[in-house]
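Here is what each chain is made of, one letter per residue.
There are 2 protein chains.
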Amino acid sequence: MAKDSFNVGVIGLGTVGTGVARILLENGESIGRRAGIPIRLLRAADLDIARDRGLDFPEGVLVSDAGTVLDDSEIDVVVEVIGGVSPARTFIETALGNGKHVVTSNKEVVAKHGRGFLELARANGVNLYYEAAVGGGIPIVHALKNCLAANEIEQVFGIMNGTTNYILTKMHEERTEFESVLKEAQDLGYAEADPTADVDGYDVAYKLAILAGIAFNAHFSYEDIYFEGIRKISGEDVRIAEEMGYAIKLLAIGIRREGGVELRVHPAMIDRHHPLAAIEGSFNAVYVKGNYVDETMFYGPGAGALPTASAVVGDIIDLAMSRGLAGSHPSITTGFNDLPVLEMGEIRSQYFLRLRVKDQLGVLAGIGGICRDTKVSLKSVNQHTVSRTEAEIVLVTHTVREVAMQRALAGIRELETVLEVQNLIRVGL
Amino acid sequence: MAKDSFNVGVIGLGTVGTGVARILLENGESIGRRAGIPIRLLRAADLDIARDRGLDFPEGVLVSDAGTVLDDSEIDVVVEVIGGVSPARTFIETALGNGKHVVTSNKEVVAKHGRGFLELARANGVNLYYEAAVGGGIPIVHALKNCLAANEIEQVFGIMNGTTNYILTKMHEERTEFESVLKEAQDLGYAEADPTADVDGYDVAYKLAILAGIAFNAHFSYEDIYFEGIRKISGEDVRIAEEMGYAIKLLAIGIRREGGVELRVHPAMIDRHHPLAAIEGSFNAVYVKGNYVDETMFYGPGAGALPTASAVVGDIIDLAMSRGLAGSHPSITTGFNDLPVLEMGEIRSQYFLRLRVKDQLGVLAGIGGICRDTKVSLKSVNQHTVSRTEAEIVLVTHTVREVAMQRALAGIRELETVLEVQNLIRVGL
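Residue numbers (this note's numbering), protein chains in the order written: chain L, 645 to 1073; chain A, 645 to 1073.
Hints were generated in silico from the structure; no laboratory data involved. Note that beta-carbon positions come from the ideal geometry of N, C-alpha and C, so glycine has one too. Treat the hints with care, since some could be wrong.
[Unchecked claim] So, partial list: chain L residues that the calculated Cβ filter (under 7 Å) puts toward chain A:
#1 694
#2 787
#3 793
#4 870
[As the list claims (entries may be wrong)] Residues of chain L clear of chain A, computed beta-carbon distances all greater than 12 Å:
#5 741
#6 788
#7 819
#8 938
#9 1032
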């Protein structure tokens, strides 16, 4: 059926949804010419349609009921930008079941239910696109799915969360503590009232599950990914890292190994000369290493209404350009490789360990003995007195297995001379 | 017609063509699964089919006549990787005329004849893809054409030539002169025997014409682009730049202005803390600034057989995935905006000017007078004696119009006290 426009229905007019509506209303003509078909915002649903969003919606576009969008036979693509699993999951499944393409920016629902969505999409001859779910405005999903598809991807890693990168940047710049920067970020709207998903690493784990799935052509559950957030990083960790020539960044790391894939999310101390150390504020950067292309990097705003909306509209344009191409694109992400996520204990890294200890003879001997017994080779040990009775010890190891480091840590915790393990941070990429 | 494979014919088995053949032969199965259809290397044509390329071509694939590829009704896409205008142009036109898609890595022929190719492609219901023509393995063409298509692009700029970046990097690292690094690069195979296209800026002008055309949705002739190469950059320029906190890079710059587009290619002194200053060797990096996405950057290998071949195969995969979609994608690049390239005299920049002068009283007064009369405001002036009779003067201006700077330069050249204008280099982005 030849159609005279490609029709969009948006569900959720929060910041991203409002951004999508704004781009389509403001730049629609130019976008339509690029796509080769007019792209029309036909419906935009939100529970609150009274609020002024600074946009001049054409008559009849604003509706308060998502069902109006899902059931409208004129709509070709449903944009789901409400976030979370419920009711987003149902909306996506209904839309796909009704033969509509879906574009979403919702990393959580894609990480948790993407596999089912893709099967449903295929069964209904439609597509599911989710460029905006990872890396905000950076076209990293498309790059992996299409442009770099000639390669066997060996590594994908980088900074994939804007909120935590903003907080860590501020902690470096202003020498402040996590809690106070978080509060400031919340006041400025850069962090959510409930910051758990960002600062505890869930958000990045969702993104890594999605990105690694595409990169390695497999399905990964975010629950199989080891993840740590940045809540435990103190101003003192940041200060010592700087002294040692490092910046602390929250990294997502996916590496193809023999027998599986290493997937992990955690803060890491990286050399201050590495380009990732220079990624500031809410910007994200993702490295991809392929067997033919070598190393590539993609940088841009990892969050924000308009950058994220730019990615959503990019997906809409792609769908509009490939209308009639039902069912061909999803094949690329259905994950034909059966790759296990390797145990975290199997990774190898350097480690930074900061301890509060009793300031007495033999403390180092005890710690050194445990490291020797667990085969954790030490690169440097620095001790300084903090009070009449206490000292702080900073250890940096050579590259060792995580399981060995964890054994050493357990032993060190048991020592009567060790008052507190202040932090264990991985060093390097 | 349902087909059971997507068939590729390669014309030209130089480094890139051999890389394409290698990827298709080596990784074909995985690529086919991603594309949703087997991708088959059906023919590979080169005048020399006797040479050992380290590949095990299936029986009948190697042919010595390009016509065999162009006339083969089984072939869906012709890959043109011979470079240059003749006979590449004829091959591309014949392939498109025969209803075959074309993928090329040939920036020169696309910059010079791309508009005609796209019209021919459209008339024949096929596509022309050229990701590998700009940025080697970096998927910058696709990012601009599709992923960022929601945006009005405001700026596109960066380092787009691997050979010159390699030479400039070496000149910084090893404090050597252009000619000796060029010779070394030629010996290592990083620079061509005839280096003109790279070192004199033609290559980058072709790339900028292509990239700006996509970014600003217009057609630009590379002949309208102001370009300078790096041949005039001396070890002394590099040394002084470093002292002043700059790195010298060959930049391509496209900026949307009121009334047109600023397009230029020239060496520039950029702050050593800018990420572009850290792009080393044959790597490229392209910044894109859009009205919604803000600033994004794409980094990767700008040259090399396999990275370039990775981009070519990415295009083949894209075409395979959208088979039957004839004629829809080219519309995006046919350039519906009618934008003039602004006169170079209209740009505004800071300038670095290095002069050899007579070491006598009044030299600075003369130069200063000309700058005053031409309204070139000076930021710094440094003079040092180089012999009993000669001195060197280094001037840095505030931001002024190019036309004013050129007038000042003409006046300075006329001064009896000025022995030689050693270099004029733009400062900043």
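Against the structure, the hints:
no.	hint	result
1	694	violated, 26 Å
2	787	holds, 5 Å
3	793	holds, 5 Å
4	870	violated, 27 Å
5	741	holds, 22 Å
6	788	violated, 10 Å
7	819	holds, 21 Å
8	938	violated, 5 Å
9	1032	holds, 44 Å
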